[in-house]
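J.: Next come the chains, spelled out residue by residue.
Number of protein chains: 2
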Amino acid sequence: MKLYTYYRSQASFRVRIALNLKGIAREDSFLHLEKGDQFDAAYRAINPQMVVPTLIDGDVKLFQSLAILEYLDEAYPEPPLLPADPQARAWVRGLALINVADSHPLIVPRVREYLEYEFKLDEPTRIKWCQHWHTAELTALEAHLKDAATGRYCHGDAITLADICLASQAAGAKFFSVDTAPFLNFTRIANSLSTIDAFARAHPLKQPGAPAS
Amino acid sequence: MKLYTYYRSQASFRVRIALNLKGIAREDSFLHLEKGDQFDAAYRAINPQMVVPTLIDGDVKLFQSLAILEYLDEAYPEPPLLPADPQARAWVRGLALINVADSHPLIVPRVREYLEYEFKLDEPTRIKWCQHWHTAELTALEAHLKDAATGRYCHGDAITLADICLASQAAGAKFFSVDTAPFLNFTRIANSLSTIDAFARAHPLKQPGAPAS
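Quick mapping for you: the protein sequence lines, in order, are chains S and V. Its first residue numbered 1, the first sequence is counted upward by one per residue in this note's numbering. Its first residue numbered 1, the second sequence is counted upward by one per residue in this note's numbering.
Everything hinted at is true.
Given that identical chains are not distinguished, each listed pair holds provided it fits within a single copy or across any two copies.
With a straight-line cut-off of 27 angstroms between C-alpha atoms, the simulated BS3-like cross-links for lysine-lysine are:
hint, residue 1, residue 2
1, K146, K61
2, K35, K128
3, K2, K22
4, K206, K35
Hints listed in this document are in silico derivations from the structure and should not be mistaken for laboratory results.
When you get a sec, could you build the whole thing from the sequences and use the hints?
T.: Right under this line is the structure:
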């Protein structure tokens, strides 16, 4: 498989984790979003939305990280990333979507650039924006994680889509110096996931293009 | 089933369409997000994120519209909202997520309120923001809809999750006076969907609380 990716992208991180968990080998093609690599005509032909990740599996072209995770789980079922029961699957997908569809879209490069170049907002104001939406998500996620369904991970003791998204949220929170300490379940699960090889190898700061510290 | 909903919410619209398509009866509980009904303690206990929709199916409590749509498709499989093949499912989910996880999160009430009260931006500037992200999504979606997979609807001639999300995007675009005419496939599919009873009855402007015109 071939993965178009950016070191700092939460969405790319999610896909790297899933591929690692399922033991699927890949070749990475690194784009630097803050330098505008995604606007090149060659990449635009692959991903007209000009975002990462894109995953190529043979002649199948996949976009949108959550759609990619669901595809990987259907096409390469072991180990599963979703529980079997529809109610539990909905819970896991709901937790994942708090990250994927609520907070993360608000802090991606194109949005931060709009705040900078269209709204002329300074860096502290832009960072406050990112921190605000991170904290809103962490608050919502933590409220859900107080449920009895939570175990060692977001749903019981098996790793699911929700944990992959939680790990990407944790990496994002660190980039924007968000205080995650008040969110006890979140922090406990994030720390536990970070010790797992499939997560550790996929981490943004372990990718080409990442800063040394 | 019981659905907590708001007339104007794109996410609630999606769930109403799916319930109608599957012929599932429901009782609606209407919240007015712009008046702050979602912050009441009673609703907060049901949905700690204080957003709509929430769907109650017996003792199952469901949140996040896309997780709800996937649940409905698993628990009430007829008619299906996803094709059978993993590649086609990924395509449909990818199209849906362009709406659910990219543009829609940027124009919801809580974000518009942040622009107004924190950034002190006037109404024309806020509307321009909403139009910008709508148009970015429409551009990306239209590029994908030029694919041979597109038929009468987003994927062939059967209604899928992607069409439900496209219809919600069309309703949102109208609220913000976005020019959708240049997006030919989008407009053709949106017009076609609007004539289907399950979509028409679910439309935001047909719900209690909606303005008369």
